[in-house]
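Student: Residues per chain, in single letters:
Protein chains: 2
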Amino acid sequence: MSELTESVTRMIKEFEKLPGLGKKSAERIAYHLLKVEKKEALALADAIYAVKENVRYCKHCFNLTEQELCEICRDPKRNQTILCVVEQPRDLIALEQTGRYDGLYHILLGRIAPLDKISPDQLTITALIDRIKTSSFTEIVMATNPTIEGDSTALYIIKQLESIQAKVKPRITRLARGITTGNDLQFANKEMLADALAERQSFR
Amino acid sequence: MSELTESVTRMIKEFEKLPGLGKKSAERIAYHLLKVEKKEALALADAIYAVKENVRYCKHCFNLTEQELCEICRDPKRNQTILCVVEQPRDLIALEQTGRYDGLYHILLGRIAPLDKISPDQLTITALIDRIKTSSFTEIVMATNPTIEGDSTALYIIKQLESIQAKVKPRITRLARGITTGNDLQFANKEMLADALAERQSFR
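Chains A and G are the protein sequences, given in the same order.
Going by numbering that gives the first Met the number 0, the first sequence opens with residue 0, and the numbers climb by one from there.
Going by numbering that gives the first Met the number 0, the second sequence opens with residue 0, and the numbers climb by one from there.
Some clues are possibly wrong.
It does not matter which identical chain is used: a pair holds within one copy or between any two.
To be verified - No farther apart than 25 Å at their CA atoms in a straight line, the calculated lysine-lysine pairs in the BS3-like style are these:
| no. | residue 1 | residue 2 |
| --- | --- | --- |
| 1 | Lys58 | Lys23 |
| 2 | Lys58 | Lys37 |
| 3 | Lys132 | Lys38 |
| 4 | Lys76 | Lys58 |
Just so you know, the hints here were simulated from the structure itself, not pulled from any lab data.
Since this is a predicted model, take the numbers as computed values, not measurements.
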């Protein structure tokens, strides 16, 4: 495609790296950005810059934030005795949208996945254990995805928790399986997630 | 979605403006960009900047270029007596890929479309007429898309050409309708386009 200029070819290549975008869609986006006003195209570029400059992980729970602590960790009205462990920030959002949970969260930033070469030390499990040791949670809700990898991650964490000496030994629960095994948490609807929260079960 | 930070929300909104991307795909891309290394995310932002800074339209034919003239207009080996009129740079690329055309191009940068409020003066028709007046083309190939709007645009241009006093009165042809009416030129396959080029017909 020597008829496209070098910059355009490079931009198409960068868009092709994004999830869900193939060559045709990347090209379509490139033509769109060529056509629109400079201001509009640069707004997208600047938004990417802003995210990479401003957004970091909450010091406590690893949620996304532009401050030291995230909105939830900063909120004194949240129930400080219950902790919900999720894989990703998007899972937190899905749970928040049910309006049925007022406790705190801990985001693992992934799940243990040997096939993808993701081991426990690449997640925030050490920080989670430390947090449980030094806080007074009465309940830990395991809300990893209902997949083999999500379940294994939950089991790994529970194993780690068994050996610790916490001030209060928290009850460990998991989301009720109103959600279908093999599905992705972020795509479950609110009702399904609300049921799963309401009927959460003792682990084992 | 107050749980997403302001920068992330803004970035998702910007991605949603791109053609073919809905809310879910924009979110998926956002999570991807949050996860990847800063360098990788900024490479995309910088590529957009580079395009908007460097890429302009060729002074002669309105193809994309990073210099004053595009690669094709700069190439002395191209046949200077035949001019192919297309709607968009991507149509030029599709035709180039057939390897069956060695003349010059003129890109209209759109088609006359009253419903989309695109009138002739928003296209490069005046520049095209001037170019034909001052050059010695022996043939003009109308290669607008085989749609109602593409055809109307071609007819409009032919009407304009009838009244001009060119050094040589060029023959006006159009692509053979090996291509299906209602389709988009950029998605036609090479063979189809090659046939259409080989069997181009006299206009009317």
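Student: None of the hints should be skipped; say for each whether it holds.
Tutor: Structure-based check of all given hints:
1. Lys58 to Lys23: neither (40 Å within a copy, 28 Å between copies)
2. Lys58 to Lys37: between (37 Å within a copy, 19 Å between copies)
3. Lys132 to Lys38: neither (51 Å within a copy, 36 Å between copies)
4. Lys76 to Lys58: within (19 Å within a copy, 63 Å between copies)
Of the numbered hints given earlier, the model fails hints 1, 3; all others are met.
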